[in-house]
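Asker: Each chain, written out:
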Amino acid sequence: MAVKIMIPTPLRQYVGKQDQVEVEARTVAEALSNLASEYTELRRHLYNPEGKLRSFVNIYLGDEDIRFLQKEQTPVNENDVLSIVPSIAGG
Amino acid sequence: MTTATLAPSSELSKDEILRYSRHLIMPEVGMEGQLKLKRAKVLCIGAGGLGSPLTLYLAAAGVGRLGIVDFDVVDFTNLQRQVIHGTADVGKSKLASAQESLRDINPNVEVVSYETRLTSQNALQLFVDFDIVVDGTDNFPTRYLVNDACVLLGKPNVYGSIFRFEGQASVFHARQGPCYRCLYPEPPPPGLVPSCAEGGVLGVLPGIVGCIQAMETIKLIIGQGQPLIGRLLVFDALGVKFRELKLRKDPDCPVCGTHPAITRLIDYEQFCGIRGEEHTSVMAGIPEINPREVKRMMDEKQPFVLIDVREAHEFQICRIPGSTLIPLGEVPKRMHELDSATEIVVHCRSGQRSGRAVEFLMKAGFHKIHNLKGGILAWSDQVDPSVPKY
Chain A
1 MAVKIMIPTP LRQYVGKQDQ VEVEARTVAE ALSNLASEYT ELRRHLYNPE
51 GKLRSFVNIY LGDEDIRFLQ KEQTPVNEND VLSIVPSIAG G
Chain B
1001 MTTATLAPSS ELSKDEILRY SRHLIMPEVG MEGQLKLKRA KVLCIGAGGL
1051 GSPLTLYLAA AGVGRLGIVD FDVVDFTNLQ RQVIHGTADV GKSKLASAQE
1101 SLRDINPNVE VVSYETRLTS QNALQLFVDF DIVVDGTDNF PTRYLVNDAC
1151 VLLGKPNVYG SIFRFEGQAS VFHARQGPCY RCLYPEPPPP GLVPSCAEGG
1201 VLGVLPGIVG CIQAMETIKL IIGQGQPLIG RLLVFDALGV KFRELKLRKD
1251 PDCPVCGTHP AITRLIDYEQ FCGIRGEEHT SVMAGIPEIN PREVKRMMDE
1301 KQPFVLIDVR EAHEFQICRI PGSTLIPLGE VPKRMHELDS ATEIVVHCRS
1351 GQRSGRAVEF LMKAGFHKIH NLKGGILAWS DQVDPSVPKY
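Residue numbers (the working numbering), protein chains in the order written: chain A, 1 to 91; chain B, 1001 to 1390.
Don't read these hints as lab results, they were simulated from the structure.
We put the CB at the ideal spot given by N, CA and C, even for glycine.
Watch out, some of these pointers could steer you wrong.
[Claimed, not checked] Facing chain A, a subset of chain B residues (Cβ under 7 Å, in silico): (1) 1046; (2) 1048; (3) 1071; (4) 1138; (5) 1164; (6) 1166; (7) 1236.
For reference, chain A alone in the conformation it holds in the complex (with noise of 0.2 Å):
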């Protein structure tokens, strides 16, 4: 399945500023997984070293926060669109 990943500002540096990036993928995990081996770069602003999706970054499938679905096994389906939001706190 295609689905768009929506990159927020902060991370865009690290996907040669692109704000959406496709993958195939057939779940969460998968497309985000993708997405850090093509954007090297991006791998460690999402994924902790133990490699766990970190804690202040928060992805929607849609609108709706994947901790409420079926976190990273939750499916995606063709044209679906993923957020990543990380926390941020300037003011």
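Fit chain B to the supplied structure of chain A, relying on the hints for placement.
Answerer: Frame of chain A; chain B shown alone:
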């Protein structure tokens, strides 16, 4: 605590009716809504980028009592976005400067200044006298502190946050919906996410996000419209895209969940992994060198290389003569350009990024290597004041 003006509360004067006429002629606000605004007590945390538009608009709208917590002094780098302060205010306390602007905009508003750092010791006491708290802070520990104190007291927390070109806004009201911890249970480890001072921010962005916070605050006060409770608004200034995401209350939330583990305020610096001085915590075990020492090495023509690990656009702002630019991200693939037998001094803006570069290079086998303490900022202070600071 200093009080600017004492406002009577029960009704509007003739002058106030004229002042608020554009509100009064809308039935959604009207006399009832304007009186609610006049009776409202709002506490703003921070008089910076978000706090500027926020307090300006809340004062203009006629919020009766406006508390502001800040302990900072206005400096030149603030003026690009903190529009409540002017050039003549540089060096003044932000609260004195803000109070002056707000009094001019609307003398009917009682501005209460709390010139202090918000802490676990004073937060509950400060918040208890206000109806709504607005979070315009610039760091993770204070954001978690504001959230927890609001949850414990049952007060709505109007949230806004910015970074570079990205903005977020929501209303956390744990009695009716999720809180900040439901959204982000944990903060990033220190050093991974740069602050606005390190990463920059487009000056208009806090204007947009702060105005959204002001709007949400006013809606809560007058009881109109659909507040951002249970919704996260995400703004991409580059694409001019506002997106709305669902926020759900986490039943396992440590502060607002069904079995909360946090029942009183904690140590938020510790929770966010920050202890002591920002610089020393990251720099433990990294050899440092003072700017004057480097200058002496230059004057004595000692052999060494000076590596600047900032970005190319920063190199264009200013540089130390004789330095070679290798941006931090390129260090791994370009370290073959360096000779481990030569003395190496690494610098950046403030010494943070160069510390990481030195740490990396030491692991890669470079031992004659030093971090320039305080970066090019310290170089400007101690060696060459003609180098501009940014």
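Asker: Are any of the numbered hints broken by this structure? If so, which, sorted upward?
Answerer: Violated hint: only 3; rest satisfied.
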